[in-house]
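*Asks:* Single-letter residue listing:
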Amino acid sequence: MVECVECGAEVSLHDSLEVGEIIDCTTCGAELEVIDVEPPELDKAPELEEDWGE
Amino acid sequence: MKVGLLYSRIRKDEKLLLEELRDRDHEVAKIDVRKQRFSIREPPEAFEGVDIVLDRCLATSRSRYATQFCDAYDIPVVNSAETAEICADKVKNSLALERAGIPTPNTEVAFTKESAMEIIESFGYPCVIKPVIGSWGRLMAKIDSKSAAEAVLEHKATLGHYEHKVFYVQEFVDKPGRDIRVLAVDGEPVGAMVRSSEHWLTNAAKGAETDAFELDDEARALVKEASDAVGGGLLGVDLMETGVSQRDTRNTSGDAPEAGGYTVHEVNHTVEFKALNDATDIDVTGEVVDWLESKVEVTA
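Chains A and B, in that order, are what the protein sequence lines are. FYI, this note's numbering numbers position 33 of the first sequence as 33, with every residue one higher than the one before it. FYI, this note's numbering numbers position 34 of the second sequence as 34, with every residue one higher than the one before it.
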């Protein structure tokens, strides 16, 4: 469990966490980016940009 | 092999790739494109010893430039800078398909609102305005009337980035509530699915339902041709069913058009495949990694 940087709620993490992955805070809905895995650390994910896609 | 996975966000697609590559004991260097400094002289340290770079950048602009740098460093990259350059831009995409003689929706481009309005009036209603850069069905406009056209053009001209002043107008294709996404490696289909929705946009990212689709010979041939037209690679080729062979409509022989028929509206170069993986029984990730391994064998 780590703390949501947006609302402070506890965020549960799964086992196969990857740096760069996005986790949703189930309390406030914020998108959080995994910036480290040992130990797990989250930051606010970047906002959607116009040229994102496939 | 050592794969450099160039990314800024690890989606489910990238997680599947990482898992498959590691399961096969390949070395993977995750390279966060946001943290790199691309010198015109030598590659960043993160690229050292990499046999192939897999470009999975979420941002088209980063993808286009990063692949150019890979080329400059003589590091094999999929997809190539050439493919990225064409697929990233809907104008270049349409030109490449048309140049290759592939059925594709009629499209015209104008640089002023007035000229764009002339195109729209000549196409008739409905027609479609698309951003030249963009994905996931965002900022697409189905134009049903002259007043809607005037409003959209005004907004694009006034509020938009300069690229929105490149007015890309396309005929509306009355597809049967679905389109077809084919994942292909160098033109060889890995799998295909239909994306169905009651909305005119049928992107999976817009919530369309997906289901496996069996390609016929005509579709397979078009996928190969479309892949070749943009330089090949790991691609998502999008087709719409027209009910009539588009090639036959161009045929002036007087013969009746055949049933079936497709039009290719787009080829995507940083293709997402998680929806296809879920919609079919195909091991999409495994097939993609098989292909990557073959690419490294060829370049070794």
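No lab work stands behind these hints, which were simulated from the structure alone. Keep in mind it's a predicted model, so treat the numbers as computed, not measured. Note that the Cβ used here is the ideal one computed from N, Cα and C, for glycine as well. Among the clues, some could well be false.
[What the hints assert, rightly or not] Derived list of chain A stretches under chain B, where covered just means 3 residues or more per stretch with a C-beta under 8 Å from a C-beta of chain B:
(1) 15-21
(2) 47-54
[As the list claims (entries may be wrong)] A short list of chain B residues far from chain A (calculated; beta carbon distances all over 10 Å):
(3) LYS30
(4) SER61
(5) GLU108
(6) SER135
(7) ALA157
(8) PHE213
(9) GLY236
(10) GLU272
*Asks:* Could you run down the list of hints and mark each one as holding or not?
*Replies:* So, going through the hints one by one against the coordinates:
1. For the stretch 15-21 of chain A, the stated coverage by chain B holds: 5 residues have a C-beta nearer than 8 Å to a C-beta of that chain, and at least 3 were required.
2. Given as covered by chain B, the stretch 47-54 of chain A passes the check, having 6 residues with a CB less than 8 Å from a CB of that chain where 3 are the minimum.
3. With a least beta-carbon separation of about 7 Å from chain A, LYS30/B fails to lie farther than 10 Å from that chain, contradicting its non-interface assignment.
4. For SER61/B, the requirement that its beta carbon stay farther than 10 Å from each beta carbon of chain A is not met, with the minimum near 5 Å.
5. Its beta-carbon lying about 23 Å from the closest one in chain A, GLU108/B satisfies the requirement of being farther than 10 Å from that chain.
6. Distance to chain A contradicts SER135/B as a non-interface residue, since its nearest Cβ pair spans about 2 Å, not more than 10 Å.
7. Every C-beta of chain A lies more than 10 Å from that of ALA157/B, the closest at about 16 Å, which supports listing it as non-interface.
8. Even its closest Cβ contact with chain A, about 18 Å, leaves PHE213/B beyond 10 Å, as expected for a residue assigned away from the interface.
9. Its beta-carbon lying about 6 Å from the closest one in chain A, GLY236/B breaks the requirement of being farther than 10 Å from that chain.
10. Taking the minimum C-beta to C-beta distance to chain A, about 5 Å, the non-interface status of GLU272/B is violated against the 10 Å cut.
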